[in-house]
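Trainee: In order, the protein sequences belong to chains F and H.
Counting from 1, one number per residue, gives the positions in the first sequence under the working numbering.
Counting from 115, one number per residue, gives the positions in the second sequence under the working numbering.
Everything labelled a hint here was simulated from the structure, so no lab data went into it.
There may be inaccurate statements among the hints.
What the hints assert, rightly or not - Covered stretches of chain H, as calculated for chain F (at least 3 residues, CB under 8 Å):
#1 305-311
#2 330-336
Stated by the list, open to error - Restricting the straight-line Cα-Cα distance to at most 20 Å, the calculated cross-link-like pairs of lysine to any residue (SDA-like) are:
#3 F:LYS96 / H:GLN122
#4 F:LYS43 / H:GLU160
#5 F:LYS68 / F:LEU27
#6 F:LYS96 / H:GLY155
#7 F:LYS43 / H:SER213
#8 H:LYS209 / H:ALA157
#9 H:LYS284 / F:ASP75
#10 F:LYS43 / H:CYS218
#11 F:LYS95 / H:THR376
#12 H:LYS275 / H:GLN331
#13 H:LYS284 / H:THR269
#14 H:LYS209 / F:ALA25
#15 F:LYS96 / H:GLN351
#16 H:LYS182 / H:LYS209
#17 F:LYS95 / H:ASP358
#18 H:LYS242 / H:ALA152
#19 H:LYS284 / F:LEU98
#20 F:LYS43 / H:GLU384
#21 H:LYS156 / H:ILE183
#22 H:LYS209 / F:GLN79
Ideal Cβ positions, reconstructed from N, Cα and C, are used throughout, including at glycine.
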Amino acid sequence: MGLISINELQPGMKLERPVVSLQGALLAAQGIELTLKHIRLFKTWGVTEADVEGANQQKEHMTEEQVKALEESIDAHFQGNLHDAVMDEIARVAKKLLTSRRQSVNLEPADGTY
Amino acid sequence: MERINLDQIVSKVNTLPTIALVYDRVCEMVENPDVSAADLGKAIAEDQTLTARLLRIVNSAFYGFPEKITTVTRAISILGFEPLKNLVLATSVMKFFDSDGSNCLGARLANLWSHSLACAVSARALAKRIEHLNPEEMFVAGLLHDIGKVVLLQTFPEETKCIFSLVKVKGIPFLEAEHEVIGVDHPQIGSILSKQWKLPPRLGESIALHHSPNMAQSDAQQTAAVHLADILARALQFGSGGDDSIPTLNRSAWDALHLPMTRLEPTMIEIEREYFRSLSLLRPSY
Chain F
1 MGLISINELQ PGMKLERPVV SLQGALLAAQ GIELTLKHIR LFKTWGVTEA DVEGANQQKE
61 HMTEEQVKAL EESIDAHFQG NLHDAVMDEI ARVAKKLLTS RRQSVNLEPA DGTY
Chain H
115 MERINLDQIV SKVNTLPTIA LVYDRVCEMV ENPDVSAADL GKAIAEDQTL TARLLRIVNS
175 AFYGFPEKIT TVTRAISILG FEPLKNLVLA TSVMKFFDSD GSNCLGARLA NLWSHSLACA
235 VSARALAKRI EHLNPEEMFV AGLLHDIGKV VLLQTFPEET KCIFSLVKVK GIPFLEAEHE
295 VIGVDHPQIG SILSKQWKLP PRLGESIALH HSPNMAQSDA QQTAAVHLAD ILARALQFGS
355 GGDDSIPTLN RSAWDALHLP MTRLEPTMIE IEREYFRSLS LLRPSY
């Protein structure tokens, strides 16, 4: 059991805990099997994660194309801001974190700095 | 679509739920040296929803207290008056993002809440690494930075629809679309609200100037940090501030922070972790 991000939810997964909207409205009850409709509903309501069965055993591995596509979409959001060293650094770290969010990997800073 | 003038906004702001009442009283009491934790606890306990939320937050893993805290008075004795004051404000603000409107409005407010929470977490993470900034205060500043957008969404639905359409169609930032459609913008609206709520000048300023931090006068560092926190929250794609773009980092704001660039990565890693932890605080207990 474990919390996984909305982007990783797949139809067929079973909820360990109910999913509620940020205002506390119940969107899906505990124990139900997710359908595409549920996932779309969660996205509309700004839900970012859900507690599903067996989540800890799942690790999505992204292909090189998928990683590249994700990085390109991030660059698009930065739209012309990338001539600045600081923005470049923010974009670099964002790419790293967003990719690992998809892959549910834990990250620590490379040199242990705070 | 007609332009909105500031008087219209002031009158709408006056019709909003009186979220500020408890906060007002709390502020007054905190300033008063004769007020005890018990007095303050009693005042807050009059608002049951606020009390329940406060207690849930202090008892969560967020604070990591070993004993269970069952009264507001106890929470105050442990946390202190100032952090409690900030917590009351943060908790009161949550209900402001509620809606019983259409699905579209509900979803937009939910996304705006996620973005505001991310900005709050980011501002706090930055404040821990910048000498003169107070992390608790910065959390509140981040949480409130887009409060003007909430007012807009809640009180000018037709104009809001137009603005969102324009953002989608032209691919322009929300701020630009606001100027085009209504002639005023969310920093201005937020500024009016912060005066209404009698928020501290530093806080009001960071709300009013988070898009133009170089104009800050009472605390350039605080406003600069909120400006950067907004950028980080958007870069990490938590929720939505109304558009997909990432604002240009204001150079003088960056310089005012005296933050080495190498601190950005550990800060963003902390934000990533803390954001998901904070989100769990909003779930009702079941």
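Trainee: Report holds or violated for chain F covering the segment 305-311 of chain H, Cβ cut-off 8 Å, minimum 3 residues.
Mentor: Since 0 is below three, the answer is violated.
Trainee: For a C-alpha distance cap of 20 Å, please report whether LYS182 of chain H and LYS209 of chain H respect it.
Mentor: Cα-Cα ~25 Å, so violated.
Trainee: Going straight from one Cα to the other, do LYS95 of chain F and ASP358 of chain H come out at no more than 20 Å?
Mentor: holds, 16 Å
Trainee: Straight-line Cα separation of LYS242 of chain H and ALA152 of chain H no greater than 20 Å?
Mentor: Violated, at roughly 30 Å.
Trainee: What's the verdict on LYS43 of chain F and SER213 of chain H, does the C-alpha distance respect the 20 Å limit or exceed it?
Mentor: holds, 17 Å
Trainee: Measure nothing beyond the straight line between the CA atoms of LYS284 of chain H and ASP75 of chain F; if it is 20 Å or shorter, mark the hint as holding.
Mentor: holds, 19 Å
Trainee: Does the alpha-carbon distance linking LYS284 of chain H and LEU98 of chain F stay inside the 20 Å limit?
Mentor: With Cα atoms ~26 Å apart, LYS284 of chain H and LEU98 of chain F exceed 20 Å; violated.
Trainee: Compare the distance between the alpha carbons of LYS43 of chain F and CYS218 of chain H with 20 Å, and conclude whether the hinted pair is satisfied.
Mentor: Roughly 12 Å between the alpha carbons, so the hint for LYS43 of chain F and CYS218 of chain H holds.
Trainee: Going straight from one Cα to the other, do LYS209 of chain H and GLN79 of chain F come out at no more than 20 Å?
Mentor: Measuring from Cα to Cα gives roughly 34 Å; hence the hint is violated.
Trainee: Taking 20 Å as the top limit, are the C-alpha atoms of LYS43 of chain F and GLU160 of chain H close enough?
Mentor: Outside the cut-off at roughly 36 Å; violated.
Trainee: Holds or violated: LYS96 of chain F with GLY155 of chain H, Cα cutoff 20 Å?
Mentor: violated, 45 Å
Trainee: Has the given pair, LYS95 of chain F with THR376 of chain H, been kept, meaning a C-alpha gap of at most 20 Å?
Mentor: Roughly 16 Å separates the two Cα atoms, so the pair holds.
Consistency note: the structure conflicts with the earlier hints numbered 1, 2, 3, 4, 5, 6, 12, 13, 16, 18, 19, 20, 22.
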